[in-house]
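Chains as they are written, first to last, in our numbering: chain A, 87 to 467; chain B, 15 to 308; chain C, 768 to 1063.
Honestly, the hints are just simulated from the structure, not real lab data.
Please note that the accuracy of each hint is not assured.
[Stated by the list, open to error] If you want the footprint, here are the derived chain C segments under chain B, 3+ residues with CB under 8 Å:
id	region
1	798-811
2	857-871
3	936-949
Glycine included, each C-beta is placed from N, C-alpha and C at the ideal position.
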Amino acid sequence: MATLELKQIKKSFDDTHVIKGVDLEVKDREFVVFVGPSGCGKSTLMRMIAGLESATSGDILIDGQRMNEVGPSDRGLAMVFQSYALYPHMTVEDNMGFSMRLAGVAKDKRREKVLEAARILELEPLLDRKPKALSGGQRQRVAIGRAIVRNPSIFLFDEPLSNLDAALRVQMRIELAKLHEELDATMIYVTHDQIEAMTMADKIVVLQGGEVEQVGSPMELYHHPRNRFVAGFIGSPKMNFIDVELVSSDAEGSTIRLPGGETRAVPIDGAGLAGGAALELGVRPEHLELSDQGPLEGRIQVLERLGGQTSLYVQMGDNLLTIMADGDVAYRVNDSVRFGFSPDRAHLFDTEGLSLSKLHRHPLASLRRQDNRAPTDTVSQ
Amino acid sequence: MTTTRTKLMTGVAAPGRQRSALTEALLNRRLWLGVLGWTVAIVIFFPIFWMVLTGFKTEAEAIAEPSLIFSPTLDSYAEVQSRAGYAKFAINSVVVAFGSTLLALLIAIPSAYSMAFLPTKRTKGTLLWMLSTKMLPPVGVLVPIYLLFRDVGLLDTRTGLIIVYTLMNLPIVVWMLYTFFKDMPKDILEAGRMDGAGTLQEVLYLLLPLTLPGIASTGLLAVILSWNEAFWSLNLTSSQAAPLTAYIASFSSPEGLFWAKLSAASTMAIAPILVFGWLTQKQMVRGLTFGAVK
Amino acid sequence: MNKTRTSGRTIGGLRTLSLQAPAVSLLFLWMIVPLAMTVWFSLQRYNLLMPGMTGFAGLENYEYLFTDPALWSAMGTTLLMVGWVLAITVVGGTLLAVLFQQEFMGQGIARVLAISPFFVMPTVSALVWKNMMMHPANGVLSWVAESLGLPAVDWFSSLPLTSIIIIVSWQWLPFALLILLTAMQSLDEDQVEAARMDGAGPIAIFFFITLPHLKRAISVVIMIEMIFLLTIFAEIFVTTSGGPGLATTNLAYLIYIRALLDFDVGMASAGGVVAIILANIVAIFLVRMVAKNLES
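Just need the whole structure built from these sequences, with the hints factored in.
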């Protein structure tokens, strides 16, 4: 049982402001992912929660208690490091039991708890090995085991999968999700990989330049990004951006003029903007549709056939757009293609990069990960 | 039967012959490099080898025409050992070298720890300043140290020499430990802190066991430098605290021209250090160049 | 909130201070007290043999020192020793490093043999060379010369400075070898192979790849050797005692003569100040270089 609350957390090193005032609430048993490009402050934020770094100002509350002055080991947290940070001179068992040894827990009690964690993680046969005799995935498990043994109220994961190869990463992702259910603990997870964020999180916190860009469920970020940065960062391949002009707007939505001159109506609130305003249209690659009647036209520069899908890189004016098309499309490089998009899938951004709000909320936007399994009570934002 | 065998043989020999043209050139090159390398090594090592050899000769053989053929004797060793002097000098060397090294490590470890793991803006400056004290030539300060030691009664004492060697080696020891500590992943100490380790436990359970090889080679380098130091030992000691460097120097007087005994004593004096040096050559480079060459 | 920050920082600062205090304060004393005393003594009339004659001398000691032909001879000798030993050890060390970098049978052992002289205490190496190698009648070198039909050389009386240079080079060549060999091991093999693909032969590789790679290590070797070589002492002490005449008296030995044989504290201190200044000229460059390295 643990909640975490950050209130106006700031951190500066000398004159560099790394975290510029973050507010956040993490509910009990929530899986929260901090995601952002490198240098966005996500790791620093986690290290401040862990107590490895002091906050320059602001409050860190765990279960409502201010923790700023409490030492890292007394906050009821456990952390899994990016490098795993296993103690190389100790066996797996000693690694997992070190915190209890420091706390003066009796030997058989220690062993009992280590064995329990080892069973969950299938580490039993490895207990007598030293870290260097383990594979990357096994080391990762030991690092998690060391955290489990401490029985923390909150788990912290600092890019735990970044040192694993792609196949193992997928497997560990699934295992971590399972672990979250099994342990029923609050977890905070830092990553730069938006796929990890999308697949595991109940709530994603997108950070950039030391500030929170948006907090929300994965589907909310995907369908209702607050700004151009989140729109571009969440989703792969990246969203396409096209310069357009607002023609008019009313209660039914807005009409925009696309490059090439055709106009389209989209269900987005353009109130307050004058006709002729410059906007950016955002459409995800998977939402651009090839069609001979499409309003947009471009020339194929590169074509990547993945079998089931084909990525087309299409030059349109100054923009290189990405289109995810069917695996069997018959186009070739240098072919000219026409394409369009469904108005529901369009996003509009003003010159400041902020999203214009959509008239309809996407039905899945408030879905939480647990909701994938069974119907639950009404969702929270 | 015969044909099959021939076929089999050619079948084996053909790729073998192809390989041999390449490998032969390589082998030839290696052979010549080997001859050259070993010749150079032997020429460089020769004086040491000759000294060890002379130690097993009689005094008459030692000054006779150089020869590799003689009946080895331990007489010189026995004589050097039995003369009351040698043991005293050797003990002085051991006490001074190890004493000063332990002291230097004791003072340097906390300092290097804080520089590596709690760096401030001043850390770099402090490190460089420490290095610069090493640049002060001993002759430059010989006079005041001599007079100070004379006035407080430290002349010709092991304590005096330990003090000088500790301070002489302190910058190198701090530097070496600093570079070893710096190499230790910070994550591990942080994991320890998350697990509830305080500073002392962090140092005892994590830092020391993990950097033990580095600490050991730092210590060995300090022992080597103290053991071989000759400027201070010749100038600050005479009879009571003189270590082996000074003892060997006493053979330079004309009446001390006993080559076999000199050789035996020298062999004993350098043997342990030579082994230490061989063991730690790689890590020593760091200490000797203040981390500029790794 | 602000209070937290300041207190946090002070506690950290205090912790750092208390951990570093012993090392820093001891080294500070070790540096500043003798340094100040040397400078002070160098301005005093102070001879242990003439207890009555004391007092402020101004720059008198320096005047005497700089008009003393012995100083200039000692400076010249110092420069010659440093220069020759540096040339021999750096050039030789580089070549040996290239040689011992190659693969051949027992290269590990050969390498160990070649670096051994560095671990031999200076008094031992000086005496072994003086007695067993360079002895005019019974030394190995004269025996070799004789067997080749050449006249035997009385090294220490006819070539005193050369003899010292040989001994010191023998001690420091392994140092250069050890450092340069280590530096060479960090040379990227891919680079060498790329050069070979580009058609570079062994000599071109040495000059265009190896030598530039070793540049920093070589300058480190030069500077460290310089600091030690400026004050060679034990080798002279046990072989020539600075003679014949002043032929092998370097600055360090001159100061020793003035201080502990002539008991002229003032003069010796003035010499010490000169030695410190000389060493510092070298040291500035070395410290700069290490500082640069510290940043990367």
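The hints, checked one at a time:
Proximity of the region 798-811 of chain C to chain B, defined as three or more residues with a beta carbon under 8 Å from a beta carbon of that chain, is established by the 7 residues found. Under a criterion of three residues with beta carbons nearer than 8 Å to beta carbons of chain B, the stated coverage of the region 857-871 of chain C is upheld, 6 such residues being counted. Beta-carbon proximity to chain B at under 8 Å applies to 7 residues in the region 936-949 of chain C; the threshold of 3 is reached and the given coverage holds.
Of the numbered hints given earlier, the model fails none.
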